[in-house]
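Q: Read off the chains here:
Number of protein chains: 2
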Amino acid sequence: MPKVTLKVLANKLGLSTSTVSKALKDYSDINEETKLKVQELAKSLNYTPNAFAQGLRNQESKIVGVIIPSMVHYFFSNIIDGILKEAEERNYMVVLMQSNEDYDLEKKQVDVLLSKGVDGIIISLANKTRDFSHLAKIIDYNIPLILVDKIAKTINCSKVLIDDRKASYDAVNYLIQKGYKRIAHFRGDLNPQNSIDRFLGYKKALLDNNIEFDPSLVYVCDNNSDFSDGYENAEKLIADHGNNVDALFTVNDLLAIGAINYFNENNIKIPERIAVFGFSNWFMSSVISPSLSSIEQNGTKMGEKSAQILFQEIESKHKQKPIEFQKVIIDTELIIRKSC
Amino acid sequence: MPKVTLKVLANKLGLSTSTVSKALKDYSDINEETKLKVQELAKSLNYTPNAFAQGLRNQESKIVGVIIPSMVHYFFSNIIDGILKEAEERNYMVVLMQSNEDYDLEKKQVDVLLSKGVDGIIISLANKTRDFSHLAKIIDYNIPLILVDKIAKTINCSKVLIDDRKASYDAVNYLIQKGYKRIAHFRGDLNPQNSIDRFLGYKKALLDNNIEFDPSLVYVCDNNSDFSDGYENAEKLIADHGNNVDALFTVNDLLAIGAINYFNENNIKIPERIAVFGFSNWFMSSVISPSLSSIEQNGTKMGEKSAQILFQEIESKHKQKPIEFQKVIIDTELIIRKSC
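Chains as they are written, first to last, in UniProt numbering: chain A, 1 to 340; chain B, 1 to 340.
If you're looking for bench data, these hints aren't it; they were derived computationally from the structure.
Errors might be hidden in some of the hints.
It does not matter which identical chain is used: a pair holds within one copy or between any two.
Stated by the list, open to error - When the alpha-carbon atoms are kept at most 30 Å apart in a straight line, the in silico DSSO-like pairs for lysine-lysine are as follows:
{"no.": "1", "residue 1": "K327", "residue 2": "K137"}
{"no.": "2", "residue 1": "K128", "residue 2": "K25"}
{"no.": "3", "residue 1": "K7", "residue 2": "K321"}
{"no.": "4", "residue 1": "K181", "residue 2": "K203"}
{"no.": "5", "residue 1": "K301", "residue 2": "K338"}
{"no.": "6", "residue 1": "K7", "residue 2": "K107"}
For clarity, every value in this text was computed on a predicted model and none was experimentally measured.
Hey, can you work out the whole structure from these sequences and the hints?
A: Set out below in structure tokens:
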């Protein structure tokens, strides 16, 4: 079946395309009889407007772009879920891209989205991203940009994040109140802001409780999406410190689950011999044994909020109203389970 | 910064837009000096072609649409991961939509994708979808359509799936070889083809091994994305059959994990008292206790293959070559762990 266009409808009815277009949009300068005729034919031929052409005329594409580091990842799935829900309500389409934590790919994806003329962009940065000129380019193009969770502090745009420092402070403080004193930390990559802030929260909780910070208890997990990294560092931790460690706080749940597997296999009792506290509250954390205490990061809410702000900014732009950038901190909560 | 268009470039150089356009595309009827001048200016002004306008002229959008039932779902995340990789390589963008297992929403999303003029569509159907006229519409529009995993048998298009019946036959047969005889089944919704086929594979394995099929051992789990459904049905199973059941085969891992939680909490030993076998091999199945035997479904491979076929069909269509629909069965494998 050939595509039914405005022109096809116009030819069949002996009208101009502009009359047909106005009739479909229910303009008041078209008489009711014509409107009815056009609308009935459009319906019977299953006419659907060509939205690309429409977007081109309106200078809006009704498409927004989203770039995340990784797709197969519980937290990011939740963020996308939140974004899709908000977009659906507003009849926006979402183009999804994953950077695979690769800066060059992320940069290329931004170019593609700009070249396609999307109305706005939401990004959660790759861990390896240290240069932000691609973000500056989005702003130069006057395209609304929202950074979510993995942000660049120096870029002037709206941001949706959690208070990583406070969240990990709370977790470590909880462990200390429970009597744990030699608390190890599996931190993430040295670069991303989250992993820095989570480390700083850990350190501050120790200092505020008069516990000496021991750098030898901190392990850098480069590949922090991989739970075998948690397993291997747990092995190192016990080799290095033996009985002189009684708790472990990890930058994410995957590392904690890897560590729990090592402890379980080696009959190192959790939480009697060592307590474990994760971060992100992945679904699986509630079903492993022992169940893992963690920090609920509210990914869906972060996604929803990012999209809400993006659509506000797109609307303000169309109305030529000034945009005030927002920094929204989504609440986290401690989820206490059997691992501590 | 205002957007740099062909017209801006043309005005600055005193050339026509068609000359500038041809120069950028390296056409042979434009002299080298002009090409160089145009290309340098385009570069210095960060010109990026308006791909929507381009798509409109070329009758291709370089955008494909993907509709999945649910985003926060390990298997579908893997499918999308595979699709995104293939699209990235070919410079296609992917518009992602989730139907939330809702037929009306799925239908509306198809209309949106058609109205946007996407080049092709990949769908994994909602469990509730019983009417396929929206799929027929895609075919009427002459837009390549690939169905993945959750398919409609009667729709004439390419399909990528696994052999659900064989996979569950293999799993149940494995349990029988291990000596289990009273094998319960937590099946999915009555409607989707996968859940029907997995049930039929279960039944056939029993019959081929001369074990009587007992319908009272089959529990229908409507809400099969929820692991509490597995928990509750495990409770019912034990209440109904007491010691007269020695194994459980579930239509997905979430149900199995819910059941394992119930058994663990009630001190029903796995696999000594009851063995458990799942389906899909979610990441968490390897980290729970006891680790869960399951069927690896190769979601990423399914996504990759769907996208490969889609792009082949799009290319064939552009070259006006005939399209031969493919039905690709992706291999599954039994993953044996401690739960049986």
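Q: A separate judgement is required for each hint: does it hold in the structure or not?
A: Right, here's what the structure says about each hint:
| no. | hint | in the structure |
| --- | --- | --- |
| 1 | K327 / K137 | within (20 Å within a copy, 44 Å between copies) |
| 2 | K128 / K25 | neither (48 Å within a copy, 33 Å between copies) |
| 3 | K7 / K321 | between (36 Å within a copy, 27 Å between copies) |
| 4 | K181 / K203 | within (13 Å within a copy, 56 Å between copies) |
| 5 | K301 / K338 | within (26 Å within a copy, 37 Å between copies) |
| 6 | K7 / K107 | between (40 Å within a copy, 26 Å between copies) |
In this structure, only the earlier hint numbered 2 is contradicted, and the remaining ones agree with it.
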